[in-house]
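There are 4 protein chains.
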Amino acid sequence: MYEITVTPRFGDIDGLKHVNNNKIVDWFELARNDIFRFFTPNLSLEDKDWKLILVHNEANFVNQTRFGKEVTILSYILRVGNTSFITGDEAWQDGELKAKGKSVVVNFNFMEQHKEPIPEDVKEKLKEHLISEDEIANDCFLNKGKKDKKN
Amino acid sequence: MYEITVTPRFGDIDGLKHVNNNKIVDWFELARNDIFRFFTPNLSLEDKDWKLILVHNEANFVNQTRFGKEVTILSYILRVGNTSFITGDEAWQDGELKAKGKSVVVNFNFMEQHKEPIPEDVKEKLKEHLISEDEIANDCFLNKGKKDKKN
Amino acid sequence: MYEITVTPRFGDIDGLKHVNNNKIVDWFELARNDIFRFFTPNLSLEDKDWKLILVHNEANFVNQTRFGKEVTILSYILRVGNTSFITGDEAWQDGELKAKGKSVVVNFNFMEQHKEPIPEDVKEKLKEHLISEDEIANDCFLNKGKKDKKN
Amino acid sequence: MYEITVTPRFGDIDGLKHVNNNKIVDWFELARNDIFRFFTPNLSLEDKDWKLILVHNEANFVNQTRFGKEVTILSYILRVGNTSFITGDEAWQDGELKAKGKSVVVNFNFMEQHKEPIPEDVKEKLKEHLISEDEIANDCFLNKGKKDKKN
Chain A
0 MYEITVTPRF GDIDGLKHVN NNKIVDWFEL ARNDIFRFFT PNLSLEDKDW
50 KLILVHNEAN FVNQTRFGKE VTILSYILRV GNTSFITGDE AWQDGELKAK
100 GKSVVVNFNF MEQHKEPIPE DVKEKLKEHL ISEDEIANDC FLNKGKKDKK
150 N
Chain B
0 MYEITVTPRF GDIDGLKHVN NNKIVDWFEL ARNDIFRFFT PNLSLEDKDW
50 KLILVHNEAN FVNQTRFGKE VTILSYILRV GNTSFITGDE AWQDGELKAK
100 GKSVVVNFNF MEQHKEPIPE DVKEKLKEHL ISEDEIANDC FLNKGKKDKK
150 N
Chain C
0 MYEITVTPRF GDIDGLKHVN NNKIVDWFEL ARNDIFRFFT PNLSLEDKDW
50 KLILVHNEAN FVNQTRFGKE VTILSYILRV GNTSFITGDE AWQDGELKAK
100 GKSVVVNFNF MEQHKEPIPE DVKEKLKEHL ISEDEIANDC FLNKGKKDKK
150 N
Chain D
0 MYEITVTPRF GDIDGLKHVN NNKIVDWFEL ARNDIFRFFT PNLSLEDKDW
50 KLILVHNEAN FVNQTRFGKE VTILSYILRV GNTSFITGDE AWQDGELKAK
100 GKSVVVNFNF MEQHKEPIPE DVKEKLKEHL ISEDEIANDC FLNKGKKDKK
150 N
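Chains as they are written, first to last, in numbering that gives the first Met the number 0: chain A, 0 to 150; chain B, 0 to 150; chain C, 0 to 150; chain D, 0 to 150.
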């Protein structure tokens with residue numbers, strides 16, 4: 000599991016005085032930098048180097064995220080397929096789960112414009128961050144509200 | 000069905016030289032202004048006036064959206080529940096479906112901080128924009144690539 | 000002078016319930032698409048095609064821009080130099096000037112990574128949109144709508 | 000002087016494969032959170048608590064900011080006036096100055112909708128972060144990292 004800390008920016012707040020939903024999805028993207036490095040260690044965006052394309056994104060917004068306090072973003076892997084993988088993402092503030100997301104990312108060859116199998120060594124790295132739905136349920140959703148003590 | 004036209008901005012483009020996925024989700028939000036007006040005709044953001052909170056957002060990105068050409072965003076209603084409704088959203092460019100989203104929006108009383116039933120007259124307005132999954136399938140996904148004739 | 004109309008998006012609003020300042024600067028960028036086309040008619044972002052780099056940006060925010068009403072963005076040219084030009088940008092809502100910006104854009108050869116003179120025919124096109132500081136005062140600040148008595 | 004570290008996000012990159020200019024201005028806003036706390040210690044956005052409004056923003060973009068490496072944002076005060084103050088902002092990556100900005104922020108009473116004098120104790124706090132133009136030249140441009148030989 001990867002963990003980063005982000006600080007809400009004044010402009011991230013929307014008319015309801017909480018962080019705009021879509022900003023949280025931006026933070027989920029940010030938290031995936033370490034996963035992107037499995038495919039492109041130096042994060043070079045050249046067509047010959049970059050390998051990933053996002054094909055699906057979703058999030059549930061379960062509580063309002065506020066300005067003035069840091070937010071912890073957790074990222075893990077839910078599934079490793081042949082040419083794609085699924086990430087899981089969570090945003091926590093004040094010991095409370097705020098949002099929970101999922102994304103499907105495809106290993107794409109930009110030079111030849113087609114998807115291709117994820118190399119075996121990269122699959123192994125991804126699998127080190129694999130978390131089962133059971134674990135997620137226990138860590139996050141079921142205990143929500145009980146002022147969670149995540150790791 | 001609502002339709003708006005948006006123009007990609009230089010800064011909307013990401014390192015892959017297509018429009019960043021999350022920007023398309025912003026456009027989906029923009030396209031919902033007319034639906035928001037069913038609840039708050041003048042779009043006042045005061046707690047006593049504003050009624051809506053987004054609890055779920057998802058999108059499939061099926062083709063790359065490019066800079067330099069306008070994008071059509073379609074918005075419709077997939078389901079009207081007691082306290083919430085589901086929107087469907089599509090982004091089209093050059094006669095090709097680029098992304099397809101769905102969001103769940105709850106009718107929320109910000110003064111008292113709880114969800115509440117959608118008024119009957121608003122439900123009626125929402126239902127005028129209701130589209131069945133069958134219609135979507137026929138209009139959008141199946142005919143994709145055949146230079147769709149959406150109206 | 001170029002003019003586009005933009006619709007504020009729910010997420011463009013910030014904690015003060017007006018449009019976040021930096022979003023207005025995004026709109027100014029959007030309004031320059033037609034000027035970008037003088038340099039790259041099809042707006043191709045390939046290194047061999049794209050020519051422009053922004054080196055300075057500034058804006059004064061003179062009144063609050065609100066959600067729920069359209070905004071008109073005006074773009075014009077303040078100066079044409081040898082390798083660069085200066086744009087002027089204005090945001091109007093409800094007949095009132097909301098923000099006024101300026102940017103310096105350089106003609107850049109991305110293949111060879113150096114700035115280069117703006118071709119004569121492009122200079123001519125830019126000059127057709129040239130507005131003197133006097134005209135700005137007259138056209139925009141003093142007369143437009145004659146409604147704005149900002150202090 | 001305040002210093003924060005930010006990590007460029009994939010979606011912050013634009014069609015030129017560097018960080019979009021306007022994102023850097025967002026980071027400058029983020030870096031001002033500690034200065035905002037002088038006025039509203041808990042960063043509450045309620046009209047009765049929040050005090051600040053941005054009236055001018057500008058930035059020079061002197062070098063391209065890349066994906067894949069952290070960016071240091073420096074914030075300091077350039078001038079403290081009666082009802083407003085001026086911030087200075089810098090973005091550094093790889094020991095090289097990437098962008099340098101300035102903003103004018105006004106102390107505003109949102110309940111009564113007028114600007115008002117900055118309290119003396121807040122002025123004192125701001126002045127602790129005051130940097131003279133001379134120091135900027137010495138501290139930042141000439142010496143920092145001694146690596147940047149831009150143009």
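Wrong hints could be hidden among the right ones.
Given that identical chains are not distinguished, each listed pair holds provided it fits within a single copy or across any two copies.
Calculated lysine to aspartate or glutamate pairs in the DMTMM-like style (CA-CA distance at most 20 Å, straight line) [as the list claims (entries may be wrong)]:
| hint | residue 1 | residue 2 |
| --- | --- | --- |
| 1 | Lys114 | Glu69 |
| 2 | Lys68 | Asp46 |
| 3 | Lys50 | Glu2 |
| 4 | Lys101 | Asp25 |
| 5 | Lys101 | Glu45 |
| 6 | Lys68 | Asp25 |
| 7 | Lys68 | Glu45 |
| 8 | Lys47 | Glu115 |
| 9 | Lys122 | Asp33 |
| 10 | Lys68 | Glu2 |
| 11 | Lys101 | Glu57 |
| 12 | Lys122 | Glu95 |
| 13 | Lys68 | Asp33 |
| 14 | Lys47 | Glu95 |
| 15 | Lys68 | Asp48 |
| 16 | Lys47 | Asp25 |
| 17 | Lys122 | Asp48 |
| 18 | Lys47 | Glu57 |
These are computed hints drawn from the structure, not numbers from a lab. In this text the structure is predicted, and so the values were computed from the model without any measurement.
Alpha-carbon proximity between Lys122 and Glu95, which holds within one copy, between copies, both or neither at 20 Å: So Lys122 and Glu95 fail the 20 Å test inside a copy (32 Å) and across (33 Å) alike.
Indicate which option fits the pair Lys47, Asp25 if close means a Cα-Cα distance not exceeding 20 Å: within, between, both or neither. neither (25 Å within a copy, 30 Å between copies)
Give the relationship of Lys47 and Glu115 under a CA distance limit of 20 Å: within one copy only, between copies only, both, or neither. Classified as within: same-chain Cα gap 14 Å, cross-chain 29 Å, threshold 20 Å.
With identical chains, the pair Lys101 and Asp25 could be close in the same copy or across copies; at 20 Å between alpha carbons, which is it: within, between, both, or neither? Intra 12 Å, inter 18 Å, cutoff 20 Å: intra and inter.
If the cut is 20 Å between Cα atoms, do Lys68 and Asp48 qualify within a copy, between copies, both or neither? Result: close only across copies, 16 Å inter versus 37 Å intra.
For the identical chains here, do Lys122 and Asp33 meet the 20 Å Cα criterion within one copy, between copies, both, or neither? within (14 Å within a copy, 42 Å between copies)
How would you classify Lys68 and Asp33 at a CA-CA limit of 20 Å: within, between, both, or neither? Between. Shortest inter-copy distance 12 Å satisfies the 20 Å Cα cut-off; intra-copy 24 Å does not.
Intra/inter-copy verdict for Lys68 and Glu45 if alpha-carbon distance must be at most 20 Å: Result: close only across copies, 16 Å inter versus 36 Å intra.
Checking Lys68 and Asp46: alpha-carbon separation at most 20 Å within a copy, between copies, both or neither? between (38 Å within a copy, 19 Å between copies)
Intra/inter-copy verdict for Lys68 and Asp25 if alpha-carbon distance must be at most 20 Å: both (17 Å within a copy, 18 Å between copies)
First find the shortest C-alpha distance between Lys101 and Glu57 inside one copy, then the shortest across copies, and answer within, between, both or neither for a cut-off of 20 Å. both (5 Å within a copy, 9 Å between copies)
When no copy is specified for Lys68 and Glu2, does a C-alpha distance of 20 Å or less occur within a copy, between copies, both, or neither? both (16 Å within a copy, 17 Å between copies)
Hint compliance for this structure: hints 1, 3, 5, 12, 14, 16 and 18 are broken, all remaining hints hold.
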